[in-house]
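K.L.:
These protein sequence lines are chains R and A, in that order. The numbering of the first sequence is this note's numbering, which starts it at 1 and goes up by one. The numbering of the second sequence is this note's numbering, which starts it at 1 and goes up by one.
Please note: incorrect hints may appear among the correct ones.
What the hints assert, rightly or not - Simulated crosslink set (DSBU-like; lysine-lysine; CA at most 30 Å straight-line): (1) A:K17 x A:K3; (2) A:K419 x R:K14; (3) A:K375 x A:K419; (4) R:K114 x A:K341; (5) R:K121 x A:K462; (6) A:K336 x A:K185; (7) R:K14 x A:K447; (8) A:K447 x R:K121; (9) A:K336 x R:K113; (10) A:K440 x R:K113; (11) R:K114 x A:K419; (12) A:K148 x R:K113; (13) A:K336 x A:K419; (14) R:K127 x R:K113.
If you're looking for bench data, these hints aren't it; they were derived computationally from the structure. Small disclaimer: the values here were computed from a predicted structure and weren't measured.
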Amino acid sequence: MVDFEPKIIYFICKWCTSAGADLAGTSRMEYNPFGVPIRFFCSSRLDPQHILWAFKNGADGVFVGGCHPGDCHYQDGNYKTRRRILLLKRILPQFGIDDARLRLEWISAAEGKKFTQLVDKFTDQIKSLGPLNLKSLEV
Amino acid sequence: MEKLIIDGIETEPDPSKTVLEVAQELGIHIPTLCYHRSLSPYGACRICTVEIIWRGRSRLRTACTYPAWEGEVKTNSEPVRGARKLLLELMLAEAPASVEIQELAREYGVEQSRFKVGDEKKDNRCIQCGLCVRMCEDVMGVSALGHKNRGYRRSVTTPFDRESDVCTTCGACEFICPTGAITVKQITDRPVTRIASEFELGLKERPCIYVPFPQAVPNKPVIDRDHCMFFQNDACRICEAVCQPQAIDYKQEEKIVDEEVGAIVVATGYELFPLEQIGEYGSGRYKNVITGLQFERLLSASGPTAGEVRRPSDWAIPKEVVFVSCVGSREPELYKPYCSKICCMYTLKHAMLYKHRVPDGQPYVFYIDVRAGGKGYEEFYQRGIEEDGVLYLRGKVSKIFEEDGKVVVWGVDTLTGKKVEIAADMAVLASAIVPSEDAKELANKLKMAIDEHGFMTEAHPKLRPVESLTFAVYLAGCAQAPKDIPEAVAQASGAASKVVALFSEEELHHEPTIATVDEDLCSGCGVCVSVCPYDAREHDPEKHVAKVNEVLCEGCGSCIAACPSSACQLVNFKDCQIFEMLKAAMSEKGS
């Protein structure tokens, strides 16, 4: 049997998490390949619509990475993200989506290692949750 | 009007001043013992006696009390020298143990006093000038000291000869005494706090008013308010009295200066990993276990020992010195995992300089690896071993402790596999470099990233090593990572060039990615105005729509996500573009 290869979307901010991911790359660190990163200027650019759209169209997990609280390049964008993601997490179960499929983390530009660790952890989590398959629920 | 002539120099008479003050202004030296600028003249020691000639009459008067009237003053004539000689003979009999009086007496050709020195005065150094008593009472406002008895039995003491309970241990008596006759310990049993010099890393004391370090910019003294007697007890003000240009201003406050700048270079430097945290090396308890930076001060010609290598406990010349590298560095289990980079070379330099200053001494260096990776560094290392006989022992030091006045170092030589014990006179630890204490707060303010150890993160580890992720903020030196002087200079030059390149452009470039408003869709609800961190958003009262100030907008996109009617979009980063990216991501091979 072929292992379940989850589809994960990483919404990461340019200044911290993306730079952290770059650091992981330049440092030749290894991490799970089942994901596609989409780089935003700020995690606060992320509209909950984007996440819902991703889930609806085949994503098994969505990972949002921003700067540490207080470190946001745009002063307080990550606080807005935190509020939005918290609200969204409460709504997700109503769509039949386990809120564990959405994860928000703070990863700084210096935390390449943390990035790889969190990616691996999140991938394992999505693997254990199995495929989402929202399409099958459609009436 | 007649003139005042001092030693042939004509000057204007000024009865508001004393002859001594006028002479000092003219640069004429008159010896003094009981005189101090912060106290009113007293005329106790009489050593400032000068010859005053007025209307043909010659008289001997003390310069510190005599007003600068017209007439002629001779400060070093035969009668003056004769009078001073007699005074010194008397003082020599009173205070035979005072080195200062002996030296002054020798200047006047007095070797032995004709007067009888009693056995009870054999160790006396006090000349009863009363400076300490006046200082304590008049300047410090304390009166812990006074005179007792009269005549040859007169002496300075505390009331009832008891330990004083009013003494503030300010030390002014000790400071002012011209013959070194009094110490605070004789007055009170209260603990005396000596202020350790920050620049000398505790190897030397400093007064409450001091120039922070020899090359300080500006090279001006500062007052330590926490210890200054004026700020603590509203007393003293000696510095104010002594400063001739009257530059002392107690009202000066620290102030925050606002400057608008176009770029910032962060060069906050480093600190040393605190020895207190390393228990096996004595937690900083042992005086003769010091850091490399302290040893640097011992080697310095302007340092506490004027460049002689002496150990701090008894200032003896150490004959065996153990240098330990990688103290706190390269120890991921307990302390810092990284290499502090500069220690190998400075430890070697210290060992060599020690050997040059103390040719019969033996330096030992415990090391894990010698990282001499720089231009000429390896050759320097070879020279240290071959020419200067620095003994390198490959292994870590397990314990350092003091025993019988020696610093005992336990280690291992991993090349021979043998345990090593060295009973040295002193140990010098190459402590790890850690970021300066406030680096984190500064990084937060400048929106810079810092790594797990607190060093500032560069924009790219290989391609943008002098820039931070924040626009127009650059990095130099150990703020970014441990580095030696050539590297720090190179990085700083790079940062400076980046600043120059930025400033030389006619116009500043701005990311084209900024927010726009579709006025047909905008309902003017104002949510975007409230979320904008840059005040780049405002409400147009005429059209009832939101506006974007294109210069202020940084393009974070907060407002776009907040807009309930999709009227806001980010140029080149529209929702439809994000959905396209998502579509492409979904269609990739995978699930």
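K.L.:
Could you work out which of the previously given hints the structure breaks and list their numbers from low to high?
P.N.:
Checked against the structure, the hints that fail are numbers 2, 3, 6, 11, 12, while the rest are satisfied.
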